[in-house]
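Peer 1: Here is how the chains run, residue by residue.
2 protein chains.
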Amino acid sequence: MKPILEVAALAGIEEEELELYGRYKAKLSPSLWERVRTRQDGKLVLVTAMNPTPAGEGKTLTTIGLAQALNAAGHRTVAALREPSLGPCFGMKGGATGSGKAQIVPAEDINLHFTGDLHAITSAHNLLAAMIDNHIHQGNVLRLNPQRIVWKRAMDMNDRSLRSIVTGLGDGNGAVREGGFLITTASEVMAILCLSTGLGDLKERLGRIITGYNQDGEAVTAAQLDAVEAMTILLKDAIKPNLVQTLEGTPVIVHGGPFANIAHGCSSVLGTRLALKLGEIVVTEAGFGADLGAEKFLDIKCRQAGLSPAAAVLVVTVKALKYNGGMAKDRLRETGMKALEDGLSNMKRHVENLKKFGVPAVVAINHFADDLPEEVERVLAECRAMNVPAAVSNVWAEGSAGGLELAKALTDLLEKESSNYRPLYALDTDIRTKIETIVREIYRGAEVSYSPAALRSLKDIEQLGYGNVPVCMAKTQYSFSDQPKLLGAPEGFKVQVREISLSAGAGFVVVHTGNIMTMPGLPKSPAAVHMSIDDDGRISGLF
Amino acid sequence: MKPILEVAALAGIEEEELELYGRYKAKLSPSLWERVRTRQDGKLVLVTAMNPTPAGEGKTLTTIGLAQALNAAGHRTVAALREPSLGPCFGMKGGATGSGKAQIVPAEDINLHFTGDLHAITSAHNLLAAMIDNHIHQGNVLRLNPQRIVWKRAMDMNDRSLRSIVTGLGDGNGAVREGGFLITTASEVMAILCLSTGLGDLKERLGRIITGYNQDGEAVTAAQLDAVEAMTILLKDAIKPNLVQTLEGTPVIVHGGPFANIAHGCSSVLGTRLALKLGEIVVTEAGFGADLGAEKFLDIKCRQAGLSPAAAVLVVTVKALKYNGGMAKDRLRETGMKALEDGLSNMKRHVENLKKFGVPAVVAINHFADDLPEEVERVLAECRAMNVPAAVSNVWAEGSAGGLELAKALTDLLEKESSNYRPLYALDTDIRTKIETIVREIYRGAEVSYSPAALRSLKDIEQLGYGNVPVCMAKTQYSFSDQPKLLGAPEGFKVQVREISLSAGAGFVVVHTGNIMTMPGLPKSPAAVHMSIDDDGRISGLF
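These protein sequence lines are chains A and B, in that order.
Under my numbering, the first residue of the first sequence is numbered 113, with each subsequent residue one higher.
Under my numbering, the first residue of the second sequence is numbered 113, with each subsequent residue one higher.
Think of the hints as simulated: they come from the structure by calculation, not from any bench.
The structure presented is a predicted model; accordingly, all values stated were derived computationally and were not measured.
Fair warning: there could be bad hints in the mix.
Put simply, identical chains are the same to the list, so a pair is met inside one copy or across any two.
To be verified - Straight-line distance between alpha carbons at most 30 Å, and here's what the computed BS3-like set of lysine-lysine pairs gives:
id, residue 1, residue 2
1, Lys571, Lys114
2, Lys468, Lys389
3, Lys528, Lys450
4, Lys460, Lys520
5, Lys460, Lys441
Chain A extracted, bound-state conformation (with noise of 0.2 Å):
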């Protein structure tokens, strides 16, 4: 590892925009955009992939990769990724930065508490919780309907048994309620912090969070409950980009975590902003595949923030086709020529949604050692057929080298065609109308369906004022469909509609298909007691 220092310095940035932490991580201070706000924006690419696989298709992987071969090749290039979260750690993930020779550094530190973006994150949500509750304790002057209370408290761990409890029990403790805890990436507040735009914005959109419904069924909001000074307070440094580097020395900002289900799964604005002032190409994704990644990262975060996406990759594995044209999933290393024809159609469906968005995209081929030439060859020929580029991409066990085909093919793009993004839908359409425009060009869904709560909370939605904001689809990342099982390219499938919730403060109307789990459990024989550390500190086992 290159002290941080080294690593800015590549970057451009200077040793007093910098606030360390230890000599390997860094906070970029706000004086550092003021210096560089008024450059040209780098070239914006979205790394996103075919439907995610139990097999795992090394979207980060190839993201970290892909930047560490840009730069080889010559480009000045910062990737941008996301915050690994505690819970999914201990439980059954591993780390979230990369493995083998695409990797980011300090790993350890990186999955652990980081610069503690996390945990602040967690502390202003559960200050606006222990409000609430002391509110209504203290007097209750707003009228809130205990029975109606929809801000849940935070914690960045998996712990099943805090999904559905019951709180204020005993003498003095309060009024008894039934709550529940999320996970912190599932927090509205993660979700504003990385659309946020500086900390007014930040403020403001605290300051819109529905915490609940007061005796009239009116919201009552963080506002309200004078919380966004304090919750602001405690965000005051989280708010701020983090800056790592990969195995190579790249620059890289990773910052925010939002969930890719019920929020809108990218990293943060403000670190994507300053990566577009930093690097020639700047190389980021977005949580699943792209049927849920790419639509909300192209649909909510690149509309709310004024970017205009260049070019996306989409990565996909020789193991992930054959999944998807159904092959079982400890199978996977078997030959099967048949599989891997049907599973293409999955491939294919992405790299056509892509192309409705306006955005060039290449295909990354992500090599697994055991994969057979005439397998690759095939995903190659189906590109070729299709008109897209593509390329092998080897960097987990080469390192940039194994990424300089795809960096040529990208850059190629790059230079070729250019980019006619536009958002897939309208603002100020009906909310109907953007969640069956998403069904029906994307996910290729025949007819959508409602449950009568879902209509109930649509009219109240629109009530508030909040009709024109976009929607962000909680959906299952398996398939096209809201049905985990149902592989490949399906058609003619209808889309239920379960529940549909506002995130004020994000900006988005959540639209929850089948059972979205916003509270992970550890599995069986959890992560965490595979892992041991050492008299001197050294870890084995975390990732």
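Use these hints to put chain B onto chain A, whose structure you have.
Peer 2: Then chain B, alone, in the frame of chain A:
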């Protein structure tokens, strides 16, 4: 503020022994300890106080000011203090970093997330909680009894609604059971971190934590749940002491902050030990008055860590003496020689008590602008009559200049009188004897009564083999007795032991008298609503 590198240099710390957190905070690397561990220790001075009152006695203020004054007088001095908690900060207390001209800085950062230690402790605590419920949910091989889980969850927030809750409601969300949250400072993980001598000791202590009991009534530990390594990984940085400075650039180690009732209320052993290698004099403090704070500092922390304090400073104020003499709290600015006269009994008894530990004492009269000269003179005269050195301290208004007299009185005492420190009770007597010794010798109560539950716990604890650990008294801080309104120097009262619990990892038995709150609530008008931050990040109202 000086850059922390300069402050460190003053204390003989080298740059590579620091892990910077911004320009003004740093963690001290284990390599520093390795380099200095064979040095002779400096002299350890405990700052304690008479019984606290609503007026505030200024113990932290005096500790900081005294360290400044000792340095100004040419004695190389390091202060060792506790870390603030976010809960009280947003509740009613304001900051915990001193005030006026005797402060530690950067005060905002120290009062907010600082270097993340409390967040790390919260995470480690809650990981264990999640693993307990997950164990039960995933088959419960250890046969944990869900109705006898004693490990609660933790949050660094004042939130009364979380004191008593029911968790695990809903399908698939684990076993339904009663639970609750502690504030993080009350977590046994905090006490353990503060008493640990290194990562190895930390692990052993974490492993001994009792999480609950199985169906046969046997204790089930954190080690049996395989949680220890992962918890230690979460604490790997939190265990490193933090370095900051006073307004006058005096080096201050701020590390750990356990509750002073259900825990021992002192900053970390690692921080104190390191300070003793760096300073000729180390000034540290303990929570609440000397009946709780000093007693536990001397009977628990010093004994476990092999520390030998050279002297104690007892902080008193004219206001607190008058309050202890029966004056109402809203009249303390009025003259009241009669109340002052009566209140002196409180000071006298604390001085006598300190002598029982063989520790020489000096009285510091923390001066307020509206104290009358005759009031101050009366306190000084009483000290002369007791043959105990005393000095007026005016560090709030004058910084080190206002503490020179106190510094002189202290250094004269250190030269003249050598400490003959001994704990109050032997470890190998039974638990009741230890409790009764403290009640008789320190509190001056006549009798101790035990609830049936306490007697049952006593038997269980002795059967578990923990009869030989020190006792940690959880008692109101306002009185020598267990009755908050029994001020001055009461005698002949009965102390009622309601409950006795084992903190096996911390290595003490907690003796609960009265109702000890381990999760505070917010007041009617929380400090949080009076704070603000502008668009450039400037904060007001935080402390």
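Peer 1: Which of the numbered hints above does this structure break?
Peer 2: The structure conflicts with hints 1 and 3, although it agrees with all the remaining ones.
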